[in-house]
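**Student:** If you want the building blocks of each chain, they are given just below.
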Amino acid sequence: MNTATFSLAMLAPALPEALLLALVSAILIADLFIAERDKHVTFWLAIASLLGCAALAGASAGNATAVTFHGTFIADPMSQVLKVATLLAVAATLVYGRLYLQARELLRGEFLSLSLFAALGMMVMISASHFLTLYLGLELLALSLYAMVALQRDSVRATEAAMKYFVLGALASGMLLYGMSMLYGATGSLDLSRIAFALEHSRANPTLAVFGLVFIVAGIAFKLGAVPFHMWVPDVYHGAATPATLFIGAAPKIAAFAFVMRLLADGLAAMTGDWQQMLAILAVASIGLGNLVAIAQANLKRMLAYSTISHMGFLLLGILAGTANGYSAAMFYVLTYVLMTLGAFGMMLLLSRAGFEAEDLEDFKGLNRRSRWHAFLMLVIVFSLAGIPPAVGFFSKLAVLQAAFESGYVWVVVFAVLMSVVGAFYYLRIVKLMYMDEPAGEITIAPRLDAQVLLSANAIAVLVLGILPAPLMDLCARAITASL
Amino acid sequence: MSQGFPILSLVVWLPIAFGMAVLAIGSDRNPAPARWTALAGSVLGFLVGIPLWTGFSLAAGGAMQFEEMAPWIPLFSVNYHLGVDGISMPLILLNSFMTVLVVIAHWEVVTDKVAQYLAAFLIMSGLINGTFAALDAILFYVFFEAMLIPMFLIIGVWGGPRRVYAAVKFFLYTLLGSLLMLAAFIYLYFQTNGSFEILDYHKLPLNLTAQVLVFLAMFMSFAVKVPMWPVHTWLPDAHVEAPTGGSVILAAITLKIGAYGFLRFNMPIAPDASHALAGFMITLSLVAVVYIGLVALVQADMKKLIAYSSISHMGFVTLGFFLFNADGVLGGLIQMVSHGFISAAMFLCVGVLYDRMHSRKIADYGGVANTMPVFAAFFVLFAMANSGLPATSGFVGEFFVVMGAVKVNFWYAFLAATTLIFGAAYTLWMVKRVVYGEVANENVAGLADVNARECLFLALLAACVLAMGVYPKPFSDVMNPTITELLRHVATTKL
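As they're listed, the protein sequences go chains G and D. For what it's worth, the working numbering labels the leading residue of the first sequence as 18, then goes sequentially. For what it's worth, the working numbering labels the leading residue of the second sequence as 5, then goes sequentially.
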């Protein structure tokens, strides 16, 4: 650790990150020389960068676990899968959001480079094996997101949302840092593997370690948006421009999953019994409150925010199982959840147009009359979010419930199952509006071919994965077993 | 296990494929291609099911036939496992048959979003067949739940004025029950060391507490579906608001899934709990038979009356099952098939009247026999069958159930049998007020009799009702080996 040596070979496991960083920097400069009306060039450059890095990350999939930068950076099978998913999710977000951003003059170099920096932050988070890298990635992501929300500076709602997001996010980061410092005090290291080793061999002050753990779990709960640390979620989802909401709601969940895995399952594995209890409370509260409060929402973005809270509760169910089964179930859950979120917000963006936000539930009225195909796609996504087969949402719920059941959390499972019925109610409302009501106003669907095709593929994937979930489940299981 | 030609897969997926095709080619301006494709799909769906009957081996005892098995999700050892026995095979054919009738019945009646309407029924038909054929608990659950989506849309899109309320109530009620069943499946999965095979669950020894909990979790799911008193309240709403086709499928088929679930899951998986809770089940069934029969008597809406009559008749089915003797179970099963024909016929008859008058109120009718003689003849026949007249299928099942009840307890039989009188009372009283008497008003005076299309489906059902009433032996022959095996299994304690 003391000799700060550096060689190019050390860079190899971090090649996708290095490439992305180089490309973002290049785009940032190139954008200065691109005229305002040619901004689509920047857009396609950004998409190409994301896809290129995804291909690179995908190509390294199957490689053995590699640790570099003196144990601060780890590239294992789990991180490879998650990175590919993250980059693709970011690319999909940009494709869905393009027209919306263009209509509101937000499609500037700033939004794109912030997206890419956020993506970079997520990749670093996913591969971190050290408190410092973890925190570095997290802050790179968070700062990009704060700026992204605030970018719509003439909107009062967006500015307010950005402010709340920033203050509460900073608070969460503070908690996390405080917890990390305590763990450092208890174990004498910032390196997750050393911390794990110290805890396992009882070389740490247990009281101090548990205190540190409490702060870390609180910080994680903030970032995930789990009850009772969820207050920012509805306001930020509602206030931000829809593409920014989609950005916050989709890819960062994958990074957050990796973050939880690195911290709790890897670093603090010896304290599993302690954090299981805390996660169980967070999960129950999130599933309960998220589903109940979502019923009262008339704004689709707010409703999806509360639905996210409950979904994060389900994700925690998988993690709190504390078994390889549970982790791979949670990984499957987060990947499919991101797919569904992309679809739901993608539809919202497709229905929006200049001067009109399709973000109230009422805006979906009579969609079936306007376009049977789009109503069908939304139907699939909504039933998947509700966890009704044959959409994939059912299998992701089944997998986490099964894992939690196996670890003895029977009552948590029964509670979650009963709350799913409450959840079904508000999802059904969307279906009702689309199919059983007559159109109230005019519904126009953006004629953008790329977004249309992507959205169709996205929703069909939700259905196909529901009918054939085995390949993705196996992929998650293999990645987790190889990385633990 | 013989893996011959995958007939069951065809029976499940053919209607779904046709449903997709109907969706794809359907247009709102010219519904004819969608209609003919749907008709072809439903008829083909029925025809491919015929080999299940003709190739059914009576010598196989209670064993599963036409089995198909392929790994589906190896990680959780979930299999795509299909198979039928003497209980499920007739129900699959009944369902495919009803789908044909529903397609014929919609023809001139449904004019809005025709393709989607037909596609919903075809897809649901395939899913229901899958529910009856599934031998893997997760596969069963997927079909069982997925079925809710088309039915939700059918009630909610093409239904009456309170359709949304009825559709949501139907969906949530059923979902609540089935999710508890899912929890039971997960429990059983760990008890069997990782198996979702229903037949493995049948062999699994469980202590009484576990059996009772599993029984109750599954009871929640199937009792809502049957529906048993007191969780029946979704049914009158759903039936009244659903379009005719939806009511037909609900009454004729989906109610049977609940009863089927008791035979496939509750009784074999938790036999000791079934015996321990038999009194509870019989009480609920008798309440349904007696109390709901009385409720039916006072209905002013024809569809509601038939809906309550359905609950009452399904009470006979569950009563028969929990007597644990061959007569009772056979009677219950025959009653299931017979009620499928009769309730479908009754709802179609009301549909015929409703299409002409746009009213379901009994008070708006009177003297229909004068203007619609052919229709009146059919209606009276089905009403007689509904009240259990000998030589109709309605008699056979109820007779066997009452016979089975006498063997167990005279008072069960007494209560069940006296309510046959209620059944006759509410049905025949409705017939009297609707069909007979003076022509009530000029609307009735202007009614046109059934046309050839309506005649066709009513005649088909009349033939089924009479054939099964006169000669039920083909059905009992198919069902008996499975019933014997089931009762032998249920009589063996798992403790």
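Watch out, some of these pointers could steer you wrong.
[Claimed, not checked] Using 25 angstroms as the maximum straight-line C-alpha spacing, the simulated DSS-like pairs for lysine-lysine come out as follows:
hint	chain 1	residue 1	chain 2	residue 2
1	D	LYS207	G	LYS382
2	D	LYS207	D	LYS436
3	G	LYS382	D	LYS173
[Stated by the list, open to error] Pulled from the structure, derived: some chain G residues nowhere near chain D, Cβ distances all over 12 angstroms:
hint	residue
4	ALA72
5	ALA164
6	TRP249
7	ASP291
8	GLU379
9	ALA487
10	MET490
11	ALA494
[Claimed, not checked] According to the in silico footprint, chain G covers these stretches of chain D (three or more CB under 8 angstroms from chain G):
hint	stretch
12	137-146
13	151-158
14	170-180
15	184-190
The set of hints was computed from the structure by calculation and includes no laboratory data. Computed from a predicted model, the values in this text were never measured in an experiment. Positions of the beta carbon are idealized from the N, C-alpha and C atoms, including for glycine.
**Student:** When the hints from earlier in the document are held up against this structure, which numbers fail?
**Tutor:** Hint check: 1, 2, 9, 10, 11 fail, others pass.
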